[in-house]
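Asks: Starting from the known structure of chain A, arrange chain B on it as the hints suggest.
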Amino acid sequence: MIYVNAFIFCGIVCLIGQLILDNTKLTPGHITTMFVIIGAFLDSFNIYDKFVLWAGGGALVPITSFGHLLIHGAMDTVNTFGVMGLFMGMFDLTSSGIVAAIIFSFFFSLFFQPRD
Amino acid sequence: MEINKYNVLVKKHTPKENILLNGLISFIVGGFMGVLGEVLVELYAYFLHIPTKEASTFMIITLVFFGCFFTALGFFDNLVKFARCGLIVPITGFAHAMMSAALEYKREGFVTGLGSNMFKLAGSVILFGVVSAYAFGLLRIIIMGG
Chain A
103 MIYVNAFIFC
113 GIVCLIGQLI
123 LDNTKLTPGH
133 ITTMFVIIGA
143 FLDSFNIYDK
153 FVLWAGGGAL
163 VPITSFGHLL
173 IHGAMDTVNT
183 FGVMGLFMGM
193 FDLTSSGIVA
203 AIIFSFFFSL
213 FFQPRD
Chain B
704 MEINKYNVLV
714 KKHTPKENIL
724 LNGLISFIVG
734 GFMGVLGEVL
744 VELYAYFLHI
754 PTKEASTFMI
764 ITLVFFGCFF
774 TALGFFDNLV
784 KFARCGLIVP
794 ITGFAHAMMS
804 AALEYKREGF
814 VTGLGSNMFK
824 LAGSVILFGV
834 VSAYAFGLLR
844 IIIMGG
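Sequences listed follow chains A and B, in order.
Number 183 in the working numbering belongs to position 81 of the first sequence; there are no gaps in the numbering.
Number 803 in the working numbering belongs to position 100 of the second sequence; there are no gaps in the numbering.
If we strip away everything but chain A, and leave its shape as in the complex, we get:
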């Protein structure tokens, strides 16, 4: 059942993105940025956690989970260190995605040539 939920959730997020892309003049960059902000917004009031419970990995695949993980990491340190924690833990959970993207992009760019 969770696979169906994952399919529906991730599919609908992508569908919304596609509808915005087709009906407005916004670029894919605008859409991913918007989705990160929406993810952060939904998680600040614990709504995104419910999606993660409902759709499992399906809710972690779209870029909205990036915003969700940013605020999740920040809130973990806020609980221990107060307002200063906002500066400390923000990348705690997202570091894996960013570091992976940096490392793989760098090493692949050494070995591969751009296609024209």
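Among the clues, some could well be false.
[Claimed, not checked] Some but not every residue of chain B turned toward chain A, in silico, with C-beta under 8 Å: (1) Lys708; (2) Gly734; (3) Leu751; (4) Arg843.
For the record, the hints were derived by calculation from the structure and aren't laboratory data.
We put the CB at the ideal spot given by N, CA and C, even for glycine.
Replies: Chain B only, in chain A's frame:
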């Protein structure tokens, strides 16, 4: 040529985008990406005996790896052209943006090309993610006390 005729001609020759079909394709491709994510999480949790939280981190790294690898091999661009948001909105789109910027600018040198342009496309995601997370975090501290 009159401006009306010109407009009609432009409209005739602009390729029509089938919004319904595009939406359907991105829904299906995006849905399968979600299922793939869930399957990977369960596989990692089962075979490596790790909690779901760590398994989902592994899943994100795997998807980023394949996003970068397929972009470097060259055929991910065609897939993105076909599936659009079905591949841009999942985390693979982030990897794709970074990898294509890295490939494109590396001929301009390591520091001035690769180093300063790698985040050209993906940087706005990180910048606005952090800024909005900071703002919403402050809001949450004020409203709910952390």
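Asks: Does each hint hold? Answer for all of them.
Replies: Checked hints:
1. Proximity of Lys708 (chain B) to chain A is violated relative to the hint, the smallest CB-CB distance being about 25 Å (cut-off 8 Å).
2. The criterion of a C-beta within 8 Å of any C-beta in chain A is met by Gly734 (chain B), whose closest approach is roughly 3 Å, and the hint holds.
3. Using the Cβ-Cβ criterion of 8 Å, the hint placing Leu751 (chain B) at the interface with chain A is not satisfied: the shortest such distance is roughly 15 Å.
4. Given the 8 Å rule on beta carbons, the hint for Arg843 (chain B) holds: about 5 Å separates it from the nearest Cβ of chain A.
The structure fails to meet hints 1, 3 from the earlier list, while all remaining hints are met.
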